[in-house]
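So the protein lines, in turn, are chains A and B. Using the numbering used here, the letters of the first sequence map in sequence onto residues 91 to 509. Using the numbering used here, the letters of the second sequence map in sequence onto residues 786 to 1402.
Worth flagging that the hints you see were computed from the coordinates, not collected in a lab. Be careful, since some hints might not be right.
[To be verified] Once the Cα atoms are required to be at most 30 Å apart in a straight line, the calculated DSBU-like pairs of lysine-lysine come out as:
1. Lys1136/B to Lys346/A
2. Lys998/B to Lys1060/B
3. Lys143/A to Lys231/A
4. Lys1026/B to Lys345/A
5. Lys998/B to Lys346/A
6. Lys346/A to Lys914/B
7. Lys346/A to Lys1389/B
8. Lys1136/B to Lys1031/B
9. Lys1172/B to Lys914/B
10. Lys1057/B to Lys827/B
11. Lys278/A to Lys143/A
12. Lys98/A to Lys143/A
13. Lys827/B to Lys1016/B
14. Lys914/B to Lys345/A
15. Lys827/B to Lys345/A
16. Lys914/B to Lys978/B
17. Lys1352/B to Lys1057/B
18. Lys1214/B to Lys1060/B
19. Lys346/A to Lys1272/B
Since we're looking at a predicted model, the values are computed, not measured.
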Amino acid sequence: MMHNQFMKRVHLFKRTCWPISFAVFLLLIIGVLFIYSACYISEGQEVQSYYKKQILWAFVGLLSYIFFSLFDYRRFKRIAVWLYAICLVLLVMVLMFGESRYGATRWLMISGVNVQPSELMKIGVLILLARIFSNPSVNMKDLRVFLFSWFLVFIPFALIRMQPDLGTAIILFPVSFVMMFVGGVPLKYLGFIVALAVACVALLLGLLVLPEKMGASEERQTAILNTIGLEDHQKHRILVFLNLDKDPLGSGWNKKQSKIAVGSGGAWGKGYCNGKQNILGFLPRSVAPTDFIYSVIAEEKGFMGSVIVLLLFGTIIGFGMQGAIIARDRMGRLLCAGVVTMLFTHVFVNIAMTVGLMPITGLPLPLLSYGGTFMVVVMSSLGIVQSVFVRSRRSDNFAHSSSKPMGYSGGIRKGIRHV
Amino acid sequence: MFSNDDYESVLLRIRALMMIMLGSLLFLGMVLWREQVLNAYKYETSLDRQSIRRVRLPAARGRLFDRNGVCMADNRPSYCLELYVEELRESGRISNTVDRIDHVVDEIAEVLGLIRQTARKDISMHLSKRRPMSLLAWKDLDQEALARWAESDVSMPGSSNYISGVDIYVEPVRCYPEGPTAAHILGYVGRVKKGQSGKDEDIDYYLPEMQGKRGIERVMNTTLAGEAGGKLLRVNASGFKYDEEKRDSLPAVAGMDIVLTIDMRIQRLLSKALKGKRGAAVILDPSNGDILALCSSPGFDPNDFSPSITQKQLDILVGGHKPLLNRAIAEVYPPGSIFKPVVALAALENKKATGSTSFNCPGYFALGRTRFRCWQKRGHGWIGLKKSIEQSCNSYYCQLGLRCGYEAIYHMASAIGLGQRTNVELGIKGVEPEARGLLPDDAWKRRVYKDAWRKGDTCNLSIGQGALNVTPIQMAVVSSALANGGKVYRPRLIMRDFAVGSNEETVSSGYLVNDLELSAETLRLVRGGMHDVIHAKSGTGKRAKIDGVEMAGKTGTAQYGARGSGKQHTWMIVFAPFNDPKYALAMIVENGDSGGRTVAPLIKEVMEGVFALEHDA
């Protein structure tokens, strides 16, 4: 009996998506190496040993990766609501007793470990939405379902926004949006959301940012604001509220320095541990191992290094979406799509910020940036993707729930890996 | 159950999503290609601009030697204590670092037993203006302080009191081993003012750099200064030095040494003779115009200027008796009687007079109602040409001048170099231009006095008075021309130097400006007269006579200022030895008694010294 159980586990491993595991493992190693490179020059002993802590986090991450690969994702159906509720409670607790750093309250001490509940909430929302959308009794075309789902997303958004951490809060939107898209929400609803978002952004940019950028005089800017009933100081408040550019030195310092780091890396880079921008401290030491780890890699390993990292993320995203295609059921499909979207959004926003295409938002780069909670969340999510692979449509032998195969048409065969 | 599972449409949506995501990553890849490969140079430039600082490295200044290899200008090491501010940096506000350095300076002051040279505000200033550079906390430490520093455990790595980031820095400081002896020849150096080396616009920091301000230091500055180099410092985001960038650093090319024609031994004699007097003297080698010695008094010590001079010292030097002025080339004086040999030359060469031409001297010469007095109130009676030189008879020269006409005198004086710059290498445009002197003629008089040249002007000219003005170096050239038989050389100061950037030694030889081609008879008469000035019992310059060497000369006592004011400059020109002249000398002492009484004894002192040197060698 024991033997059988063991063989069954081994068999499960054979069914995981190896390219994803390969890419994940390489990225973990790269992350540790470059966190060392970003910190070895630092004066603080604690900062210097960040890489050791990251190794620890990587191990914890790998354990949760393996755990969730083996864990049957369908069991989330029962606990999804509870997970969501726990995350909400933690978020409220952060606002009440959280630890403040850099003017924001994000950390909660739980039995000696600093946890960022906002990161946990990302996966909490993701699982809850997958649970709701995969429920056969829920009509995805019902407007009430659509609105209720957004309500469920907005509560954690508001709580995270209050920390304040706009970057993390905003991540909830693309993830939820994509899950609705994959879940089958009618395009007209989604189109309305897109139109709303575009309109909001356009309005804000048009009224708050553009006149200044176009070089309008102070009086003219005030006049434009007055026509829509805003005072000058209110504009400033709105900009602060939006937290558009988290920039400690003002005048776009981080963005400029990150661009210089990336650009001066050239085709082949300056060599490991030899990034001038980092060594000389132009790339601020506080963010080099976290939000700007990609700048360090791009400077030291050049275009080659940058592209290799991009390819590794591309591998995870491509094969992760493949998981959504071959998933046994709606739940698996939605989980894969959600996890991949979360990952992709982080990767895209972070790298775009690094090369100066986007404002500084403070989103970490998955698997590479220094940080424990996010590492565990990302590794767990990827574990869930593997769990979907393991139990994908051809895995009848190991199906131990009563849910029936969905009876897809033969066209999907193309999407199945032949193990 | 709702029909949520239109698999085909879901598949389409998932595929579209995947394409969008992978497409976005491809887009990022393309942006990276543009920034890292195509625009890399732009960002490298930005990186260098924000982290590279250029420092100008002055070259070692060339030295100056006399013709025998005696060093006249050198660089001595000045020991400074420098603080590497980047090693003393404190985290947090920059004032923390200022506090730390301030404290370190106090500690070191205690060790050295010296008072602080660097105030707290100097430290703040340094950190705001020259942050990547080291701070020189003490300059010019003496041996005692150095010893105390070396023995202290504060400078001992490993000791508990060790302060890192403090080091001894050796700064070259210009020094002049001979002090004031040749001050007017050498000149002095001063610090280059900021922005004066304007061609290096991309230089961020300068080290103290010296520049010749006067004399040869100034004239030959380019050769002496060499070519400044540069080094690149890499600074960190706080502006402190991170390291020195080895690439693109340019070593300085040391300045070239210059050998002067000066003979320091003679220079010392001359300097000693003029000490305490106001005047100037020049000794030339008549065979080529080499300046063997050139002296102006009062003088100054060029060492006072390096590394820097206080305003108080400077005020003394520019005021009063103008010790900075090089009287030998930049001041003009009426020559008085030392001009008479030139008049004699003019008359003899133009056949207006011979050796037997005599005039009567009743103690004055009357031209109309004007009387030109002779110094001998009793009068010389009838007197010949040779004797007129020996006796320096004014009456004789007024009559001789009138006989041969002012044009002949003018041309002879002009041919021998008066009224023109000698073009000695010392004249500095703007600062201390060589004086031209004044050789008056009809055109000059008409221009300045709106009046024609009159006989009285000729008389004045003939006795070296009136508007005639000369520099001591011009008179040394006259003396040299009389000595060598009429060859007018350009006085030469620089014997050889190396042009920057080439290994070729430039040896300038004597430059013959003019050959008067004097006849043997003319020379015999004029030189004979000058010989008697010193050797005849009644010679006006007999006090210059020395044992064993025959010399020739002419004294002069020139009135200046308002007529009858009694102010007079005293002159003497000399060449020696009489038969084979090796030295031609002109000396003036301002406000002397008379040429024969004031200057002749000084010349005796100098020439005795000079020939004693020859005797020793």
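Check your understanding: Going back to the hint list, which numbers does this structure go against?
Key -> Of the numbered hints given earlier, those the structure breaks are 1, 3, 5, 7, 8, 9, 10, 11, 12, 19, listed in rising order.
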